[in-house]
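K.L.:
Note that UniProt numbering has the sequence shown beginning at 1, numbered continuously upward.
Among the hints, a few may not be true.
[Claimed, not checked] Each computed PhoX-like pair below joins lysine-lysine, with the alpha-carbon atoms no more than 25 Å apart:
(1) Lys281 / Lys307
(2) Lys231 / Lys246
(3) Lys326 / Lys249
(4) Lys246 / Lys307
(5) Lys326 / Lys307
(6) Lys249 / Lys236
To be clear, the hints were calculated from the coordinates, so they are not data collected in a lab.
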Amino acid sequence: MALIVLRLFFLLCAGGVSAIINSSLPSGGPAVLPWLNFIAIMGLSVIMVVVDIYLPRKRIDTITSVYFGVLIGVLLTYILSIAAAPLLEYLGGVDQARLVLGICLCYLCTSVLLQTKDDFRFLIPYVEFVREVKGFKPLILDTSVVIDGRIADLVATGVFDNQLIMPRFALSELQAIADSSDKLRRTRGRRGLDVLNRLRADENVDLQIFDRELPELAGQTVDLKLVLLAKHLEGKVVTGDFNLNKVAKVQGVPVINLNEISNALRPVFLPDETFRLRVIKPGEGPEQGIGYLDDGTMVVVEGGRNKIGQELDVRVTSTLQTNAGKMIFAKVD
Numbered sequence: 001m002a003l004i005v006l007r008l009f010f011l012l013c014a015g016g017v018s019a020i021i022n023s024s025l026p027s028g029g030p031a032v033l034p035w036l037n038f039i040a041i042m043g044l045s046v047i048m049v050v051v052d053i054y055l056p057r058k059r060i061d062t063i064t065s066v067y068f069g070v071l072i073g074v075l076l077t078y079i080l081s082i083a084a085a086p087l088l089e090y091l092g093g094v095d096q097a098r099l100v101l102g103i104c105l106c107y108l109c110t111s112v113l114l115q116t117k118d119d120f121r122f123l124i125p126y127v128e129f130v131r132e133v134k135g136f137k138p139l140i141l142d143t144s145v146v147i148d149g150r151i152a153d154l155v156a157t158g159v160f161d162n163q164l165i166m167p168r169f170a171l172s173e174l175q176a177i178a179d180s181s182d183k184l185r186r187t188r189g190r191r192g193l194d195v196l197n198r199l200r201a202d203e204n205v206d207l208q209i210f211d212r213e214l215p216e217l218a219g220q221t222v223d224l225k226l227v228l229l230a231k232h233l234e235g236k237v238v239t240g241d242f243n244l245n246k247v248a249k250v251q252g253v254p255v256i257n258l259n260e261i262s263n264a265l266r267p268v269f270l271p272d273e274t275f276r277l278r279v280i281k282p283g284e285g286p287e288q289g290i291g292y293l294d295d296g297t298m299v300v301v302e303g304g305r306n307k308i309g310q311e312l313d314v315r316v317t318s319t320l321q322t323n324a325g326k327m328i329f330a331k332v333d
């Protein structure tokens with residue numbers, strides 16, 4: 001409703017501007033000229049409103065970069081025109097030279113800010129302060145977590161509303177895997193590319209490709225580049241790689257490990273609880289059978305070797321938590 005009122009007010013102001021312009025026209029001119037002014041101004045205003053309606057997703061960092069780029073360009077033009085005023089007066093064409101200088105400086109300042117908008121927090125602390133309060137830290141994805149594919153399902157639940165960042169060097173590594181001569185690696189790489197396309201197609205997901213080449217990343221391994229980039233952007237690394245997890249923690253960079261999330265969401269069974277399970281293969285012990293829960297948790301069943309293929313009521317005796325996951329020991333109830 002506020003946007004509708006704003007747009008109507010804007011169109012009303014445009015009509016008022018056309019009336020002011022028409023009132024300043026000399027009398028005795030062509031009768032059609034006021035109507036042409038009115039149609040031109042109102043047409044331009046309607047086009048602006050339509051463009052605004054059909055571009056609903058506007059990035060505050062891009063808008064702010066353009067705004068401050070033009071502002072800094074105009075300020076530098078004013079300062080340089082004062083400093084070079086004697087030379088410009090001597091050469092002639094002061095207004096023309098000032099106009100050309102202003103256009104060039106506004107373009108250069110806006111271009112620099114658009115290319116370095118990820119560092120914009122250093123120029124506008126308030127923008128970063130708002131992000132800190134809301135906790136919107138960017139999530140930097142590594143190759144393994146994209147190939148894994150669970151990140152797409154996790155983001156689709158709405159748990160993460162942070163910006164997702166896929167570094168260009170990680171994307172290049174993923175493309176190299178997809179082009180590998182090994183069939184298994186090629187399949188995994190193509191699945192990772194499909195996951196990225198799925199994330200980009202989702203309108204509720206803000207996925208960005210980070211193209212900048214930072215000096216501190218030169219010559220580093222991919223894992224260390226991810227950690228340094230997360231530190232540079234003050235974000236978090238999302239991974240399923242155990243070694244990358246350790247490297248990030250050594251560097252003091254927050255890590256979101258999908259395996260730890262998966263383990264935390266698995267159902268908890270306490271000793272002496274019972275549940276139903278299908279035994280699918282023999283275990284290592286002489287009387288042991290092996291079954292799996294829906295989430296992949298392995299269950300070792302004492303007395304289940306001779307009941308392979310059957311659904312049994314089993315009673316929990318103990319649980320074992322490891323880095324690879326959880327194991328449940330049970331016996332036939």
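K.L.:
Hint by hint, say whether it matches the structure.
P.N.:
Right, here's what the structure says about each hint:
no.: 1; hint: Lys281 / Lys307; result: 9 Å, holds
no.: 2; hint: Lys231 / Lys246; result: 15 Å, holds
no.: 3; hint: Lys326 / Lys249; result: 23 Å, holds
no.: 4; hint: Lys246 / Lys307; result: 42 Å, violated
no.: 5; hint: Lys326 / Lys307; result: 23 Å, holds
no.: 6; hint: Lys249 / Lys236; result: 11 Å, holds
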